[in-house]
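A.B. asks: Sequence:
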Amino acid sequence: MAHIPNQVVSLLQELTAHLPVVLGKNLVGIYIYGSLTQDSFNSKRSDVDCIVVTNRELSDSQFRRLGAWFAHAPESNPWAARLQILFLIKDEILKMDSKGCLFQFGRFERSGSDGNPIIWMNVLESGLVLYGPRPESFVPAITPEILFQALEREIGYLREEISEKSESEWRNVASYRAYAVLTLCRILYSFSKGTIASKPRAAKWAIKNLPEEWNQIILQALDANDELLATDIALLRIEQFIDFADAQLHA
Numbered sequence: 000m001a002h003i004p005n006q007v008v009s010l011l012q013e014l015t016a017h018l019p020v021v022l023g024k025n026l027v028g029i030y031i032y033g034s035l036t037q038d039s040f041n042s043k044r045s046d047v048d049c050i051v052v053t054n055r056e057l058s059d060s061q062f063r064r065l066g067a068w069f070a071h072a073p074e075s076n077p078w079a080a081r082l083q084i085l086f087l088i089k090d091e092i093l094k095m096d097s098k099g100c101l102f103q104f105g106r107f108e109r110s111g112s113d114g115n116p117i118i119w120m121n122v123l124e125s126g127l128v129l130y131g132p133r134p135e136s137f138v139p140a141i142t143p144e145i146l147f148q149a150l151e152r153e154i155g156y157l158r159e160e161i162s163e164k165s166e167s168e169w170r171n172v173a174s175y176r177a178y179a180v181l182t183l184c185r186i187l188y189s190f191s192k193g194t195i196a197s198k199p200r201a202a203k204w205a206i207k208n209l210p211e212e213w214n215q216i217i218l219q220a221l222d223a224n225d226e227l228l229a230t231d232i233a234l235l236r237i238e239q240f241i242d243f244a245d246a247q248l249h250a
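The opening position of the sequence shown corresponds to residue 0 in numbering that gives the first Met the number 0, with each subsequent residue numbered one higher.
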């Protein structure tokens, strides 16, 4: 992790020290995944992706104490605002509609889980254990059918935000448009390979293997390190790319 900012390392150390105190025996493990562990971390736009596994749902007291810590953490470490942490129950990590919690965009809330196996494939292949047992000891087998269903759901989520949900708060956010394009590349990569890759790696694969007509928006998404560049990605082209990816999955 030599290429990771020192403040990120400090934040992970603080997290690893604080969570066992708050959660006690309810805490199973803390796992880092995503760009931080896939050699694709970009200090301008990457988040710090984390999963906290517990034995049972957080109590009201635990939820309040964690909420207070999350609220004040950015005062001493600005990277705390870039944390994205899922709190999942050990025996329900691949279960649809499981109870969980989510810290994202500075908000901590109770939320449901869709049992996404993609994040666990990420953890198993390249994740980092901050606390607790290796994930292989409790993550159920992820079959091709489970992966396919997850990829279908991912396309559905993107379609909803980009074109179906009239009140979407993300559709016109430039960085989300770039995220949508790169996520579609990753979906198609996983469908083709049966495994996962970082968004930049999947995008480079897509440029080589998908029809040339998609190269422009993929390159725009790869270059979207700031809002100005990302706004060049036309919404209609993203909608068409969603349709293309969906057709590939069901060909």
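No wet-lab data here; the hints were simulated from the structure. Certain hints may be false.
Claimed, not checked - Only pairs whose alpha carbons sit at most 30 Å apart, straight line, appear in this in silico DSBU-like list of lysine-lysine:
#1 K94 with K24
#2 K207 with K43
#3 K24 with K89
#4 K43 with K94
#5 K192 with K89
#6 K192 with K203
#7 K94 with K207
#8 K164 with K43
#9 K98 with K24
#10 K192 with K207
#11 K89 with K207
#12 K98 with K164
Said to hold, decoys possible - Have a look at the derived ranges for each label pair, beta carbon to beta carbon:
#13 L127 with Q215: 17 to 25 Å
#14 S97 with V128: 19 to 27 Å
#15 R109 with E238: 30 to 38 Å
#16 Q148 with E238: 46 to 54 Å
#17 K203 with G23: 30 to 38 Å
#18 V8 with E212: 41 to 49 Å
#19 E159 with S97: 42 to 50 Å
#20 V172 with P77: 35 to 43 Å
#21 N76 with L234: 34 to 42 Å
#22 D59 with H249: 40 to 48 Å
#23 N76 with F243: 35 to 43 Å
#24 P132 with W169: 14 to 22 Å
#25 D242 with P77: 19 to 27 Å
#26 K207 with D38: 27 to 35 Å
This structure is a prediction, so every number in the text was calculated from the model and none was measured. We put the CB at the ideal spot given by N, CA and C, even for glycine.
A.B. asks: Going straight from one Cα to the other, do K164 and K43 come out at no more than 30 Å?
C.D. replies: Measuring from Cα to Cα gives roughly 29 Å; hence the hint holds.
A.B. asks: Are E159 and S97 spaced within 42 to 50 Å by their CB atoms?
C.D. replies: Because 20 Å falls outside the window, the suggested range is violated.
A.B. asks: Given the hint of 30 to 38 Å, is the C-beta distance from R109 to E238 inside that range or not?
C.D. replies: Given about 32 Å between the Cβ atoms, the range holds.
A.B. asks: When you check the alpha-carbon spacing of K98 and K24, does it fall within 30 Å?
C.D. replies: The hint holds at about 19 Å.
A.B. asks: Could you check the hint for me, namely that Q148 and E238 are 46 to 54 Å apart, CB to CB?
C.D. replies: Violated, since Q148 and E238 (Cβ atoms, about 23 Å apart) do not stay within the stated range.
A.B. asks: Holds or violated: are the alpha carbons of K94 and K207 at most 30 Å from each other?
C.D. replies: Distance ~35 Å between K94 and K207 Cα, so the pair is violated.
A.B. asks: Holds or violated: the 14 to 22 Å window for the beta-carbon distance between P132 and W169?
C.D. replies: Roughly 36 Å apart at Cβ, these two residues miss the hinted range, so it is violated.
A.B. asks: Is 30 to 38 Å respected by the C-beta to C-beta distance linking K203 and G23?
C.D. replies: violated (44 Å)
A.B. asks: With the threshold set at 30 Å, check whether the alpha-carbon distance from K43 to K94 stays at or below it.
C.D. replies: violated (34 Å)
A.B. asks: Evaluate the given range 27 to 35 Å for the C-beta pair formed by K207 and D38.
C.D. replies: Taking Cβ atoms as reference, K207 and D38 lie about 19 Å apart, which means the hint is violated.
A.B. asks: Would the hint linking K94 and K24 be met if the CA-CA limit is 30 Å?
C.D. replies: It holds: about 22 Å lies between the C-alpha atoms, which stays within 30 Å.
A.B. asks: Would you say the C-beta atoms of D59 and H249 sit inside 40 to 48 Å of each other?
C.D. replies: Between D59 and H249, where Cβ atoms are some 44 Å apart, the hint holds.
Of the numbered hints listed earlier, those contradicted by the structure are 4, 7, 11, 13, 16, 17, 19, 20, 24, 25, 26.
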